[in-house]
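Number of protein chains: 2
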Amino acid sequence: MGKDKTSFNLKTPKGTKDWAGSDALLRDRIFSTIADVFKRHGGTALDTPVFELREILAGKYGEDSKLIYDLQDQGGEICSLRYDLTVPFARWLAMNSDVRNIKRYHIAKVYRRDQPAVSKGRMREFYQCDFDIAGAFDPMVPDAEVLRIVSEVFEELGWNGRYTIKINHRKILDGVFAVCGVPEDKIRPISSAVDKLDKMPWADVRKEMVDEKGLDGAVADRIETYVMHKGGRELLDRLMKDETLNANESAKAGLTDMGLMIDYLEAFGVLDKISFDMSLARGLDYYTGVIYEVVTEGSAPAVQSDAPEAQKVQKSSKKDKKTSEDDDRSNDPTLGVGSVAAGGRYDNLVGMFLPKAQIPCVGVSFGVDRIFSITKARLERDQAAQGLRRSEVDVYVMAIGGKGFNGMLKERMEMCQKLWDAGIKAEFNYKLKPKLQQQFKAAEEGGIPFGLILGESELAEGKVRIKELGLKLPDGHPEKDGVDIELVSLIPELKARLEKKQSGSEVSLAQQLQGMQV
Amino acid sequence: MGKDKTSFNLKTPKGTKDWAGSDALLRDRIFSTIADVFKRHGGTALDTPVFELREILAGKYGEDSKLIYDLQDQGGEICSLRYDLTVPFARWLAMNSDVRNIKRYHIAKVYRRDQPAVSKGRMREFYQCDFDIAGAFDPMVPDAEVLRIVSEVFEELGWNGRYTIKINHRKILDGVFAVCGVPEDKIRPISSAVDKLDKMPWADVRKEMVDEKGLDGAVADRIETYVMHKGGRELLDRLMKDETLNANESAKAGLTDMGLMIDYLEAFGVLDKISFDMSLARGLDYYTGVIYEVVTEGSAPAVQSDAPEAQKVQKSSKKDKKTSEDDDRSNDPTLGVGSVAAGGRYDNLVGMFLPKAQIPCVGVSFGVDRIFSITKARLERDQAAQGLRRSEVDVYVMAIGGKGFNGMLKERMEMCQKLWDAGIKAEFNYKLKPKLQQQFKAAEEGGIPFGLILGESELAEGKVRIKELGLKLPDGHPEKDGVDIELVSLIPELKARLEKKQSGSEVSLAQQLQGMQV
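Just so you know, the sequences run in chain order A and B.
Taken in order, the first sequence gives residues 1 to 518; the numbers are from the numbering used here.
Taken in order, the second sequence gives residues 1001 to 1518; the numbers are from the numbering used here.
If we strip away everything but chain A, and leave its shape as in the complex, we get (with noise of 0.2 Å):
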């Protein structure tokens, strides 16, 4: 404890950060938003532990197993911090080969040793939450309530239709690419080309395909046909009449499945957010069906299309490569750029811990961080902003007294407890005498909407004054001061205020967001 100790380093460690205050209440009221819609589909948690063996993690994630946390060779195990919430569900899985279906969710921390960008909310540590539903079923449905599932949790968060659920599946791209002329080889390399499309404009997308990945300019061409569409029901019924198209296998399954998915999202009322959008092609290998991905208004980059655009994208594409796509990178690169909710199928990733125990799965993540940062920036447009309130507190005790004033401590102990028997969460000054100017101040900083003030004579006759704080009445208003009520009637009274106040102001973070303009 000596004075040399003042020579820590007082911080965090690097891309990571500490949750207080308002941020951290709205950041709880976005988890349990999302946790309600999913437990309203039957979703049950699943909590694994937040290191695994190394080798579980190995040989899933490609190149970006470099950004792999490792713990320190202890004697013992070999093993680091997860780097998703996916393969350790795919290992819980295998390891319960009793359960061949569930539907889990699981909302925790994940860790990236990658370069940090703190103002953009790349983190090395940050949050997922995950719903994913493994079994056997019948096609589509589940992956069908799944997109229910994503549209439910943004209506809830108050977006009101402000976001974009695009989709494609993978099959319909193999089929394109197919029928195109893209050598076996040369697949993957140019969906991920495809993928850019987001961000990049078809010219740009194109010369990745011809000059980098050695492409047949016809080819390309003909690949321009496909994916620069994307739309609805009329979409598929013209993909569905084109006979190169269909006499592929896999374009022909895809786009079958595409159908049912149309079907079942129309029954499920969603169709209306969904853009069939065949440029759309995800990063992860292991996606074998549907995938998506869900966009918000200024949540991705404008696709960048006059020529003096395109030229700066491409210079500083050859200069300094790495960089201009860390930069444009999501927080968490399983979703795609500006993405705030992305998944998709996968039915071979139990398989490779147990081939015995082949589960197909279907799922999504929500990127919390990115939801987070869109959600407050929309309440703090908002002046009013009761929803940074810093605790939850409903009520702060205080007293009141003239000279000899003793302070009332006991009896502002009393009346908490009362209040906290009532299931009312309550507050008070702990101290002997605190001043009346401390106490309102102190209440109305945390934002607390009621004061109930104790004064000597008026607790003698059975009473209490409530005030309702934060209000600007005019003089001669029956309630300037606040209104006496008897203490007999005080929680029945006091739990009544409450409910009104809260169903006008603070009941959801949808009820909040929705009458805003954003």
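Hint data in this document are derived by calculation from the structure and do not stem from the laboratory.
None of the hints are false.
Ranges between beta-carbon positions, derived for each pair:
#, chain 1, residue 1, chain 2, residue 2, range
1, B, Q1115, A, G269, 53 to 59 Å
2, B, M1095, A, G259, 54 to 60 Å
3, A, E414, B, N1246, 29 to 35 Å
Here's a subset of chain B near chain A, in silico, CB distances under 7 Å, partners left out:
#, residue
4, T1016
5, A1020
6, T1048
7, E1392
8, M1413
9, E1427
10, Y1430
Heads up, the beta-carbon is just placed ideally off N, CA and C, and yes, glycines get one too.
Assemble the complex: chain A is given as a structure, and chain B must be docked to it using the hints.
Chain B in isolation, oriented as in the chain A frame:
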């Protein structure tokens, strides 16, 4: 993805486990019950990174520092997994010196490379639930509120008074040791011997003091006249009259604090849960004032007092002392043996990081893993075991039909949409044409309270059947096969039935547990 990959060691790392199914559900209910109490008292969430710079943790845990998990040096900062939630809180306070006072709570995992004893619930990764109050206030006011919180948590968990909060004061202990003649340098070792009185008889503790720690036998005998006492206000009154003790400044200050504490606990209505226990010393060095520990029936090992048993303890402690101590130890070494929560006042910890930011603190840590085991055992003894459902789904939507039945998938989906829109938790079978038996089985295995049965002719008439599941109704009962409801009144009807059902069975853990014979 070759077959050789099946040689994976398919397990979680030593001392860690997955939480799934009804265990995860029950644990989450315990967490939210505890967090609700924390929020009721104005607690705000703080979330810190799972790892800290190694120098932050260094020198805080004495010889237990060897149990800290280190991250591998992969270039950059040297980090370790957090060992508890208290040191990160103190680090945060030192970093945020504008925060002069706060009530913070933190529910999160901590890590200790200890020898795991899974059967006894001692893990390398386990949860802590901490509530702490930082700030300079009038003596004992926040301390008393922390104990009120402890009591509220166990009441909300349904323990219904079946627990004891043992309290003592470091300054009283120090005073006792001084007036008994314990040399300054022996105070901590003698204090830790006294702390063993909850699992060893006085004779053994005395032997340890005299034989192992070299204390004068007469001094030990004087200590006995103090530390064997426990009680309430009457014990305090007796000590207040002890002139020798009151001549010691430390003891006098501690006794004054304890007097205030007892007054405040009375105002908070929790004095009946308290035992002023002069043998309570607690292991950690950093406590500076009030200390406490919560025990429940059966959570602490019985004190061995008959001679043969005592001999046995003594023998084994000679032969294999380390293991024997280990076996008796709590999952969480910062808790005492057999305790379910513990804490105290620590006024100097923040100053270890930044002397000028010295902020006095008082807090408590709940041992959730042990609370979980006790709660689960109590629930399992109750045959109804309503609380051990795997999910929270309320309605299972199914379909029934005769020959040529198409499975009514779209109708089941649309019905689910209606329920989800109304916020009702609902599931359906993902098969196109599921058998009715399959659907009933799935609903009953999940413990889902209501089935909603769609039939083509009923739907055509604008009706749907509700059946309460898991009832054994006699033949001829009007609801034996469920009741048909008009579609227009389905949602209010379902909500009313759900509310009725819930108010009868599983509103809170407290209600579930309080009626039980334990």
